[in-house]
Amino acid sequence: MKKFSILALTVLAALSFALVGCKKQAKSNTQKIIEEAQSMTLEELAKKAIEESKGKKFYGVGNSSRGKSALPLFIKYLQSFDSSYTLEFEWQQPKNNKIFDQLKADSLKDVGTFAMTLIQDGNQIETKMVQTGVLDTFIPKDWAEANKIDVKKYNGYLALQTLNKVFMYNCVDTTTVFNNCWDFVAEGKHGQFMGIDSEVVGKNFLYMLTAPKYAKNLKDAFDALPAASKTALQAEIDGLAQQAKDLGLDENGKYALAWIKRWVGSYTAVSDDGPICSNLVKSDSQGQFGLLVYSKLRSVEETATTSKNNVKIAAYQDGYQGMGGYGYCHYLFVTDNSPLPWTACAFIAYMTCTVDGFSAWGKDMGGYSSNPVVATGTETKYQHLTKEGDKGYDWWVNQGKLVLEDPAYCASVAFTVGAWIETLDKAA
Amino acid sequence: MEMTEERPISRWALFWAKTKTFFSKPQNVILVVMGIVCTFTTFAPIIAILNDTVQVHAGTIDQYLSGKAEGFTLVNYKDLFTSRLAKTNLWIPLLNTVLVSVLSCVFAILYGGIFAFLVTRTNLKCKKYLSSIFIFPYIMPQWTLATVWSNLFDSVAVTGTKNGLLAGFFGITMPSWWCQGLFPSFIVLGLHYAPFAYILIGGIFRNMDANLEEAATILDTPKWKIMTHVTLPLVRPAILSTILLVFGSSMGSYPVPHFLRLTTLSTKYLEMNANYAGEASILAVIMMLLGVLIMYFNQRSLKSRKSYTTVTGKSGQTSVINLGKAGKYIIGIVFIILTFFTSIYPIISFAFETFLPNPGDYSFLRTWDFKDLTAKWWITSENVTENGMYGQKGMLFNSTIWKGFGGTMLVSVACALTAGTLGTLIGYAVSKNRRSRLAGYVNSVAFLPYLMPSIAVGIAYFVLFSNKYFNLYNTYFLIILVGTVKYIPFASRSSLNSMLQLSGEIEEAAVIQDIPWHKRMTKIIVPIQKSSIISGYLLPFMTCLRELSLFMLLCVQGFILSTTLDYFDEMGLYAFSSGINLILIVTILICNGLINKITGASLDKGIGG
Amino acid sequence: MPKIVLTDVTKRWGDFYAVDHLNLVIDDQSFVTLLGPSGCGKTTTLRMIAGLETPTSGRIEIGDQVVFDSEKGINIPANKRHVGFLFQNYALWPNMTVYQNISFGLKNSKKYTKEQIDEIVQRVSHIVKIEMFMDRYPSELSGGQQQRVAIARTLAPQPQVIFMDEPLSNLDAKLRLEMRAELQRLHLDTGCTFVYVTHDQMEAMTLATRICLIDNGVLQQYDAPLDVYNRPNNLFVADFVGSPSINFVDAHGTQVEDGSMDFGVFGGLKAKFKFANKTDVKKFREEESALMNAKAEEAEEASKDKKHVEKKNKDAKFNYHIARVDEDKDLSPEATLDDYVLGIRPETIKVVSKGGIEAEVYSAMPTGMETTLRLRIGNFILTGVVFGGITYKIGQTVNIKFEGNGISLFSRESGRIIDTGALEV
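Chains as they are written, first to last, in my numbering: chain A, 24 to 451; chain B, 775 to 1383; chain C, 466 to 890.
A few of these clues could be false.
[Unchecked claim] What follows is a list of derived Cβ distance ranges for each label pair:
hint, chain 1, residue 1, chain 2, residue 2, range
1, B, T1195, C, T578, 27 to 37 Å
2, B, K842, A, G78, 38 to 48 Å
3, B, F796, C, A767, 19 to 29 Å
4, B, K1145, A, E274, 53 to 63 Å
5, C, D492, B, F796, 24 to 34 Å
6, B, F796, C, F481, 49 to 59 Å
7, C, S574, B, V807, 22 to 32 Å
8, C, M597, B, T1195, 49 to 59 Å
9, A, W418, B, F1171, 33 to 43 Å
10, B, V807, C, F481, 29 to 39 Å
11, B, L1067, C, M597, 41 to 51 Å
12, B, L869, C, D780, 53 to 63 Å
13, C, F481, B, F1251, 29 to 39 Å
14, A, G310, B, K1145, 41 to 51 Å
[Claimed, not checked] Result set (BS3-like, lysine-lysine): computed pairs, CA atoms no more than 30 Å apart in a straight line:
hint, chain 1, residue 1, chain 2, residue 2
15, C, K760, C, K537
16, A, K386, A, K414
17, B, K1293, C, K760
18, A, K176, A, K99
19, A, K99, B, K1177
20, A, K127, B, K852
21, B, K1293, A, K79
22, A, K70, A, K175
23, A, K176, B, K842
Hints in this document: simulated from the structure, not taken from any laboratory. Given the structure is predicted, the values throughout are model-derived calculations rather than measurements. C-beta atoms are modelled at their ideal positions from N, C-alpha and C, and glycine is treated no differently.
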């Protein structure tokens, strides 16, 4: 045993020495290219891309599998300029939180494998990818124009689309009514939700609740509650006032903390939104509710015990008060050591600035393009609003009071509010 | 004599001559080569993880606490052990891990051991059927039994998700401790690993000379005393091996506790990986320490072991214990019912699931109307997004699934061949040099990866091979390498176990006759130990087929079948995941059947045939 | 040709010495048995010669070839030593038929054609009479048949030396006798050198041309069987060989002028011991102490060497046993230079009609051919064997004499033999 450990220690010392990484600091080539590319039109970018990547292989990595469907469309688009253009591609979709490790590992190389990425969870992107210089933001000219943004002053990310998770409940038992977002955390209620530890982006939702705007929303919703419900909650909310102060939140922070505490203490963790949806649409799931991706409803097939009509969207109901759910984004980045930076920029511009480029997502409901022009075009083409009863991004943000992810805010409270959340008791 | 004329030779020449002699024995060559290889494959990931515990991870707690953007810090240790989260993040998961591992061991050994005894030593009925059906739970991916469990027992009233079969059709709601947490976790893991106990313990029972027990019977020893003083000590090595294997596996199991909502070190590891990466790595280190501890105890009891040579080349006879006229049927029926629920029912429910219109929608059982069933999951041949197909083609036409299947076959066959061969050689070499320290070292170091949590090994290898010089992510090479390292213990254990049973004289008899090593192996050792050696190949093969935890962080979904399965499972496409399960089970049954036909050995026969 | 020479061979595991500085020469065509109690190192010795075990130090030659030399780093592997080895458990390959078991080794050497192999298998199986079992598997044979197959397999490659490790210990008594005879015949027929390990002194006596008696890893005596029996080197050898065992009698006295010894024996009786050869006890004592001093010096010298490992299984003085009625009392006082031990073989005790000393019959066990008597003199008991079917009554008084020149005299100090001679009481 002794020899064993001595040997182990020696090998340890040797290897850890070798493992201590080497970091680079210089202003990167990619950043220069991006600067140039931001003033170019899609066509100009396309030509650059053809020049750069003809006959080569393109690696992309993303949280959404549909990058794989978007790439052939992009290639077809490039072929409309140069019919002899070919591009091999591979689109990887790592599991869990793996995408961050993978991008980080790839960043160690002089020239990376991945040309770009499509990625979610603003908080981790900010702290692990952007602040460390692994990923660079590229803002296409058309997108900036459509959003009326001055590229030089803009320091946010480029979002491909916003996804929303909304409160839904089983309505087979008609006496079940949820007309205030505080009803979801009332005594004895258990919502179904993807665990915040398995889907980390769920934590961002809780962080965002403490932001002044959404805390205010919660307070307003609270004020709209009937008196009896209020008194049940009042003591708990007041009890958190000091905590809110300690965490540096404003006077409405206590409402946010109370809601978070109740939610974390009551929700039933489910592995994915798919199963939550399957659970809710059953006729015997009376009184059940959940917070899940809106688009899951499209997968339900009508049978004797299962129906889409068994659930209602809380925010669509008359008189509903407070947030209807939360929204988070799929962001697009160019890797700082991208092997094909021009092609990456062109692909990103194609997805964010054309209806065709967005069609890999746009053809199904549930994702809203960040480009207003593309959003309108997509609706004209696929008509999700008219056909499927979706009320659209604007409605959700304004009337539906969607809680929107703000990466910078999330990152700033991740270890204050975040650490506090860790200490909360979770539902068994 | 010319002795006086001889000059003493130089020390160097003496050393050289001794080295040459040392390496003239094949077992020594194997030991040295495997010693070097295993030192790297085992310690490199350990060091990578240890290194990770003191690294600053951008965007995680350690950066926040240490205020450093990069470099080294010990803050992870401090925070994990002393912060107010220590209980939630460390102690409770640790306690749960130990409990679930110990209870799984106990359950697996009792269930598998009793079954092994009944099958090998009594006149139980339906042995053949039971014996092959018993190993099904091991063939199936771990968490499938867990999903079967929740599909049976979950209820809106207790678990707050959906009504399972029991609640939905009979209105029976089981209490919460029964539905989730420790109890179902260890039952499911125990059932999953009971085949280990059956194979290992059964192998000894099969080869054990009944005279040993009969000798005691004649001395008028009471039955229970024979059991505790003669039989159990004889199967002790097998029980110890089982404990090692089951403990290591249950400790590192991610999917089962995840599905059944028990917080263990491995589920905590994944939970903490995003924001507490360094602290998560400490959890991995703790898991490794637990593994090493178990191995240390195992090693200690091996040292005190008397030599149990039961196969000597002499004929051994086994006697059969009579369970009585009714007993042999009653016990048989009891096991047929038990194995129905653990082995047949999941398959039926998988098959059924692939025809349900919505995941978990059992309308058909209420209406008996075939309109409430669908074949769309199998036969949809175009890319549609509606009807819950999520843009996937039906399984028969789904290139993702069949590509994954091809990848899985490649990985499994390659892992089985390399792990099986290397493991068998290690087992052989160690058994030949039982007293030598090198052998002890190689044996331990080759075994260690098995005791490390799969996920941690996966991550460690990812870190090791994702750097400036190599990037092996998502390559078959990396997956096969990791699989081989992780599964060598299967083969080395089963081969060591059986080699220790084989009297050394059997090979010496051939050495004396100047029969070259490769012939001794191929004509004598391997044929005699055929069954156990084949199980040394089969176990890695089967395990690889449905391995998830180890590979899930090393490749993208669609690369191999188990990640594809997991992908569909998480998406809620239970029809697809069930279908893939079916494909896996059928594949394994076919392989097992083929091997059985060709070699006469089969997995359930384990050691000795 | 194959003379086997062991020079200063030692084998130890840690501080356990299995074989301690063994020197041995085994002549060509001899039949040597390595004899000793269990765990004395005899099997280890055999395995070292065969190459199955590596000595810690020393040198082994087989024929003109040095097969092992620790100083020169020579270690010829077992397979190149061209020897035969018969294992205790036969070690038949259970996956092969009898024919395959015998022919397997031959098939691997390119010397033989298929016909020749057939012929050899025929021949050796004929020698051990197993021609009819050629297609059976070992598990289908009885113990004796398996043993014969093992012998045939050993003989097939025509080794010059055959090693046997307790080959008969797994057989029943009758078969053992039968096989013993066959082994003897085999030795003559083959003209090989046989080295045979056994713990059964009868087997060693009957088979061997020379017996090598080992205790605790140390060679005790290496002589022809009858020499070992008649003139044992020391108390241990005297005790180990012979059945019923030799009688030990404490004797106290001195050498008188005519060269004989005057002893007090059996707690007071006077006895006279006449040496068979002219022996000067004083000289013997001098030699004895010189030898013991030399040994002690050597041990001290060795312990100074850093590499030396002290023998944990220390060589103890042989604790000879004197049969008495009141066994529980320990009467043997400190040994002085006037203390001796007499070794009296049972067959030298004769029952006579008158004269000699009186003894009471303590027990009598007739077998027909002979009768084993236990005789009581005072508190002491002697075992004697008388031939013929005479019936003795328990308790009856008989007169006995010690016959012949075959009584051994040992020094109590070192346990070594001084000489043999005649004893008159």
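Practice item. List in ascending order the numbers of the hints, as given earlier, that are violated by the structure. Key: 6, 8, 11, 13, 14, 17, 18 and 21
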